[in-house]
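Start from chain G and add chain A according to the hints.
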Amino acid sequence: MIDREQVLHVAKLARLRLDEAEVEAMAGELSGILGHVDRIADLDLEGVEPTSHVVHLENVLRADQPWTSMPPEVALASAPEPFEGAFRAPSPQADAD
Amino acid sequence: MAELTDLTVAEAAAKIAAGAISAAEYFAAWREAAAADDLNAYLWRADGGPSSGDWTGAGESAPAGEGVETPYGANAPAPADSGPLAGVPIAVKDIFTTEGVPTTAGSKILAGYRPPYTATAVRKLTAAGARVLGKTNMDEFAMGSSNENSAYGPVRNPWDRERVPGGSSGGSAAAVAGGLAPAALGTDTGGSIRQPASLCGIVGLKPTYGAISRFGMIAFASSLDQCGPLTRNVADAALLLGVLEGKDPLDSTSVGLGGGLSLPSREDLTGLRFGVPKEIGEGALDPGVRTVFEATIARIEELGGNVTEVVLPHAEHGISAYYVIAPAEASSNLARYDGVRYGMRAAGDEDLVTMYEETRAQGFGTEVKRRIMLGTYALSSGYYDAYYGQAQKVRTRIAGDFDAAFGEVDFVVTPTSPSVAFGLGEKTDDPLAMYLNDFFTVPMSLAGIPAISIPAGLAAPEGAGDGAPGLPVGFQIAAPAFGEQQLLEAAHALEGALGFAAAAGDAVPWRGGDRA
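Keeping their order, the protein sequence lines are chains G and A. Numbering-wise, the first sequence is residues 261 to 357 according to the working numbering. Numbering-wise, the second sequence is residues 3 to 518 according to the working numbering.
Since the hints were derived computationally from the structure, they do not count as laboratory data. Quick caveat: nothing in here was measured; it's all calculated off a predicted structure. Incorrect hints may appear among the rest.
Simulated restraints, written as ranges between beta carbons of each label pair [to be verified]:
id : chain 1 : residue 1 : chain 2 : residue 2 : range
1  : A       : D405      : G       : G295      : 29 to 35 Å
2  : A       : D8        : G       : E344      : 52 to 58 Å
3  : G       : R264      : A       : A76       : 49 to 55 Å
4  : A       : G273      : G       : G292      : 44 to 50 Å
5  : A       : D387      : G       : H269      : 15 to 21 Å
6  : A       : A406      : G       : H296      : 24 to 30 Å
7  : A       : A30       : G       : S291      : 52 to 58 Å
8  : G       : G295      : A       : V355      : 55 to 61 Å
Glycine included, each C-beta is placed from N, C-alpha and C at the ideal position.
Isolated chain A (complex conformation):
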């Protein structure tokens, strides 16, 4: 069924809605593809479709006459042959709760956990006719940039199985790039959608903070976490975003995009202004990545775009601010894993505090412990102002830098990641080196603005010999808050001109071009 899995999501949904192909046949083709997962991309795969628990949230326990329609029961699944995503199977990062279906967030502490409710983002997909194809592997609690922090083993990059797919949405990115899913849902706190999309040669979109509900998305850093799509092309990302966005009564910080998002159609960049941060010229960047970035800038100019330099003077402090703020919020959010209400408990009849400490010692992995320690330290008495307070002020400055830049340009563009996919185990001994992977993606997260990574070309890894096969390089475009439509239009036009998938030819893994 190679032809079915070659279709984009938009094409497949249209054919299913028109009756040209059957939803069941399409789903079966993808289930077969997903079953061939040799990347460790999936932690759970649908067999007969996701099972359903008893509780639907639809009014069982409200007092008679007093209950209103519960928001938990909203967005009921549509039949699989209707809706804008009719019959489309979606791989869902294992950080989204799915009723009755195991949800681990990549952690041992949630092994075997079957949530009693489903995340709003997932409900919106199924209400649009989509179905959950599987739950994807990830760095534990979304903390990582290589997927090596999963309690369930690392995910392999489909371009080169000895390399990482990026993280934390590494399973989602590898599944889409490796031809194991037509599209996937991920989350991005400091780059966790964009960086793996970059390393796997696909499209990854982090929407504006608040565009999509976080209800049912297991919390890492609540002021930064945002859900978004990973897809083969920009149009599919737009299609999914249109379904996912919206204000949700179950997430009071959600805002939505106001509906009316359309599929991008723009083919030129005439009159659009692109800003390249001056700081990129000075930053650490692999030569191969720089070459692809500069070629992409030239392509923007050929399409009629106007490229100028902008300054983001505080962006270089993004990593410092992020690695205070995100661990601080995480240390608070992860306090809930205490062995009492759900998840694992270290056995024993000792006192309560010993039970907490043992459960958390056994349930959490090294990186999660490190971030909890970092965050607890930054929030502790005597250090709060120096670390957390100062980081929040840097955040204000970074957001202000973007405001100023967007007074002069429509978009800010950077490489997504300073390197192509690195080797498994290459950076695991140096947490700081791992954190610096997020250099280009963290500033947008701190500012809460939307950003997309599109594949722009191939580059050999640094230090590889002549003739080493190329690995994908991502190009990041950021727009002002709630500027998703313009962002997607620009990304679509550039994507068409770059023709990444066509240029990469048979090397593209979803066409079966893996080499290792």
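Pulled out of the complex, with its shape left as it was, chain G reads as follows:
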């Protein structure tokens, strides 16, 4: 049901690199799981409101007052590559440097 091409497409969307063995396994496993899940496809749920959340809250806003923020050095302490008070990451463009 889910073929190799679809697995590679979804993996790209999810920013996951899968190796060859994982692609094969994933295609079979996802097909099996979706085969079970597909049983809900036949239920007649026309007009039923979807539930995204069970607590019926709307627009929970706090008072517009400043709170203490985490100091930059604390926020950066766990970063793989802190750099001059910022998070450093490779360039989004390949071969940019």
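Okay, now just chain A, sitting in the frame of chain G:
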């Protein structure tokens, strides 16, 4: 110090508050017990107590005169000899952030991560006088029903070390059942407190969605995740829930229970109505589990409870809806693990997208990848309505089924898990078979209602020979949203009548009765 670790949490806290035993002595006794962990239940254990980072959240960086009391600084720790949990050590699932203390969520991608702040649930425990005894092993990002998905190795069931403790809060359940902690904190998204409690023969409570703050609880599926206690008995679960519940300014979806929760005292079930879903008669259930379930129903009737059949016509679709909704939310929540702000980064000077893909390929385990793929697929263009939209409608129907049932009965009861603890490796090759473990627990999660698992008896595993030692069977009781007090009262009365720990006798592992 066997006598100290034999005390329930409620008894110990009362003795410490009264000065009958010292908090330091009690903590030391449990630290010694925790140090003997041979179940791989702990990922980190307190030695001199949890260390503390520099940042307390108490007003350092707010502009002068403008800052209000920061919510991060709320719930400051109480002295260990005061408060309702005075001096009580608690094992905390490694999904809760703890300032300065390693927090991995069972994942390699967070190896070595020391969070800069502490989860509200943990802060509330320490504000009540409790102390963190250790961080417990778990399925990676709480995805699993056997604890075999931890990047740090599986946890063993203290009743039988060749079997799983359940998951995802398997370390927390094994620690309490194995006598390595007096009580533990877990999280439950589709059964992750109740199912391991069932497989380990202890009490596990999933409160109403919103009862306890999720701030600092590493997110799996945000519309389902809820924190709760794993304990040896119902009264201790009530004690912890009373401390943990409450609205939190740091979690806008938190509601709380309004305070005033009292320790359960009820000893009969007269006048209470219990509904058994008709669908259980048809479902796949191990014969041993069915026998214990039916005996428990008989016990409810002996206590004066009225048992009737109810119908939950859409509950059978719970697994399908859950395994769309939870992975969909997870695929979004786990996008944050990108190798930039915290956690591991796959080394290399390649471009940004390659760094993301490599980091996630190396950092995530198989089940997490599977769920991210499933969720991304279900949310992708062309499939959104068919999967995610349809699953959300099923969720509405399941919640409606419970509403209708609670018009006729006070509680809905089911087995917690279709089987007793299964063998290590027994279900790892079949993800769907693993997911079906959650058959009885997922509907309550989708409906957001509270449910508790209490140990009801022992049953031999299916296929075991005559005379095979029994393993714990859990009994699940579910109540309407915010019906925790009534739920705990009923569970307490039934627990007293079942006398599980007394009946199991020396087989109970926290009394040293392990057999393997």
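Starting from the hint 29 to 35 Å, judge whether the C-beta atoms of D405 of chain A and G295 of chain G obey it. At roughly 31 Å between Cβ atoms, G295 of chain G and D405 of chain A fall inside 29 to 35 Å, so the hint holds.
C-beta pair A406 of chain A, H296 of chain G: status relative to the range 24 to 30 Å that was hinted: holds (26 Å)
State, for the Cβ atoms of R264 of chain G and A76 of chain A, whether the hinted interval 49 to 55 Å holds or is violated. For A76 of chain A against R264 of chain G, whose Cβ atoms are near 52 Å apart, the range 49 to 55 Å holds.
Outcome for the supplied range 52 to 58 Å, where the beta carbon pair is A30 of chain A and S291 of chain G: Holds, at about 54 Å.
Given a hinted range of 55 to 61 Å, is it respected by the beta-carbon distance of G295 of chain G and V355 of chain A? violated (32 Å)
Is 15 to 21 Å right for how far apart the beta carbons of D387 of chain A and H269 of chain G are? holds (18 Å)
Hint says 44 to 50 Å; check whether the CB-CB distance for G273 of chain A and G292 of chain G agrees. holds (47 Å)
Just to be sure I understand the hint, the distance between the Cβ atoms of D8 of chain A and E344 of chain G should be within 52 to 58 Å; is that true here? holds (56 Å)
Against the hints set out earlier in the document, a violation occurs for number 8 only.
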